[in-house]
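Colleague: One-letter residues, chain by chain:
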Amino acid sequence: MSNAQLTLDLVGCFVFALSGGLAAVRARLDVFGVVVVATVTAIGGGALRDVLAGSTPPNALRHWPYLAVSAAAAGIVFLWHPHVSRLRRPIVVLDAAGLGVFTVTGTRVALDAGLGPSGAVALGILTGIGGGILRDVLLREIPLVFRRGEIYALASAAGAVVVVVGSRIGGTVGWQIGGAVLVFVVRILAARRHWSAPMPRLRDH
Amino acid sequence: MSNAQLTLDLVGCFVFALSGGLAAVRARLDVFGVVVVATVTAIGGGALRDVLAGSTPPNALRHWPYLAVSAAAAGIVFLWHPHVSRLRRPIVVLDAAGLGVFTVTGTRVALDAGLGPSGAVALGILTGIGGGILRDVLLREIPLVFRRGEIYALASAAGAVVVVVGSRIGGTVGWQIGGAVLVFVVRILAARRHWSAPMPRLRDH
Amino acid sequence: MSNAQLTLDLVGCFVFALSGGLAAVRARLDVFGVVVVATVTAIGGGALRDVLAGSTPPNALRHWPYLAVSAAAAGIVFLWHPHVSRLRRPIVVLDAAGLGVFTVTGTRVALDAGLGPSGAVALGILTGIGGGILRDVLLREIPLVFRRGEIYALASAAGAVVVVVGSRIGGTVGWQIGGAVLVFVVRILAARRHWSAPMPRLRDH
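Residue numbers (my numbering), protein chains in the order written: chain H, 3 to 207; chain U, 3 to 207; chain G, 3 to 207.
Calculated directly from the structure, the hints in this document are not laboratory data. Quick reminder that beta carbons are idealized off the backbone N, C-alpha and C, glycines included. Be aware that one or more of the hints could be misleading.
To give a feel for the contact side, a few chain H residues facing chain G, derived at Cβ under 7 Å [to be verified]:
1. Leu31
2. Gly35
3. Val53
4. Thr58
5. Pro59
6. Asn61
7. Leu63
8. Leu69
9. Phe80
10. Trp82
11. Ile144
12. Arg149
13. Trp177
Only chain H is shown next, with the shape it has when bound in the complex (with noise of 0.2 Å):
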């Protein structure tokens, strides 16, 4: 992993656990669930994928600024939260560029394993998307990512297309970075314009 990758999985790292220890502040955790769901949110998408991927132990334990960082940030959310959570423009800005980092990696890992382009499409969504999943189901919420209707999850699906298909034509790095961006740009303008996924009609119902 090149430095700039790894500067930028770190702060995808640091803006998920943010959002994982507010979110159990929120459901009145102590300081230890704090830290744990914050941890979890952080590096659960990256650890789901070693682990469907085989290549364990997954990064995130093997290194540790992983955790480091996923720490630092659960103790700031404890001291701080009513500054941290008045934040919400940059954090969602943040939380972008780590959706789009998170995506590509795990495109990347699934392809190196060995993965076709669906599998591959599939493990670089849970990478991004996983993390918060995860932190949902601990504080026994129904995850947001398939229920507020967002562009999210589909910011994260074009990304990963976009690393596939530059993996097949033979370019690598500039199609994981114009993955990464096009994450990224989707998801803020639908965050802006409030773009929604459609709901299933209900009327038969």
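Please arrange chains U and G on chain H, whose structure you already have, making use of the hints.
Modeller: Frame of chain H, contents of chains U and G only:
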């Protein structure tokens, strides 16, 4: 995997995806939630099996028809769920077939991974019921298979025992077919005649 | 694994299965639900440890006594739960012993898999508390270990740190025993004296 077995495996995926998709529609998820919950219900049991058996990446990520069949079922449920939810009887029948096939493949994979009888039975049952458990956890329900007192998991257990006994005696394919048929028959009879598993007595509480 | 260690591991499984079974009875599950929740509580932490460490199939599926002990505990709870639930004090003591043993084996497995100090401590804690977290997720509760503010996970963390420090210094078995005893003593003292972990302050919310 033989062609007949792959076909049955995909039929199981399709029906499990229908049940997952219907539950997701009832929980008012958006289109992405319906697709993910349907897919996890369909391939979750097999993915748990492969991860626990150390056979990664999971089969369902390595072969695209699994994801394609799950996504197709999710699309059908999303568009026509009032019609699909009326097909209660054929869904129970196909679900019983899926339970039988998943139980047998799970038990066989466990034996191939070197597990003994009790481990193989446990993994066979988990393969059969794991997708439904993940579906219920994602939708914030206590898993149906633990609650409704129906003979569902016990049907799976019976089939897993048959496969293990068969592997000890030396035959394999015939015993596997027998195991799957046993699961199917026990499950259908239990559903028709409302056989139920015992509940703990609560008088002293 | 030495005989003494295996014995302690099985004692831990037995007590964790009792706690899982009691929770399942309270949630009004049927006999199958009681057996599965008890078993997952007993072997779930170790299974997570083995999957994350890349040591599959998990130990508890490879050696039948783990499943046998868990099923026996589930049966005892199913038949005599009013009596079992009255044994609060011995269960707290045995549970503290189980937490100590599971923490130490988890940390040791993590070190053997090549993880560094922070990864090993994280995996040691997860081995100790993972079964209880899975129990609560299956029963649709926010994990008790995050909520009650008791010193439970912190006891586990202290023991994991001792094992890691010991492995750095060069001794192993003595430090492992010391780590398990430390978990036990801290946990018992915390339970007796109602020591609690800090909660986030919520005045600004």
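Colleague: Each of the hints needs a verdict: does it hold here or not?
Modeller: Status of each hint after checking the structure:
{"no.": "1", "hint": "Leu31", "result": "holds, 5 Å"}
{"no.": "2", "hint": "Gly35", "result": "holds, 3 Å"}
{"no.": "3", "hint": "Val53", "result": "holds, 6 Å"}
{"no.": "4", "hint": "Thr58", "result": "holds, 3 Å"}
{"no.": "5", "hint": "Pro59", "result": "holds, 5 Å"}
{"no.": "6", "hint": "Asn61", "result": "violated, 10 Å"}
{"no.": "7", "hint": "Leu63", "result": "holds, 4 Å"}
{"no.": "8", "hint": "Leu69", "result": "holds, 5 Å"}
{"no.": "9", "hint": "Phe80", "result": "holds, 5 Å"}
{"no.": "10", "hint": "Trp82", "result": "violated, 10 Å"}
{"no.": "11", "hint": "Ile144", "result": "violated, 11 Å"}
{"no.": "12", "hint": "Arg149", "result": "violated, 17 Å"}
{"no.": "13", "hint": "Trp177", "result": "violated, 30 Å"}
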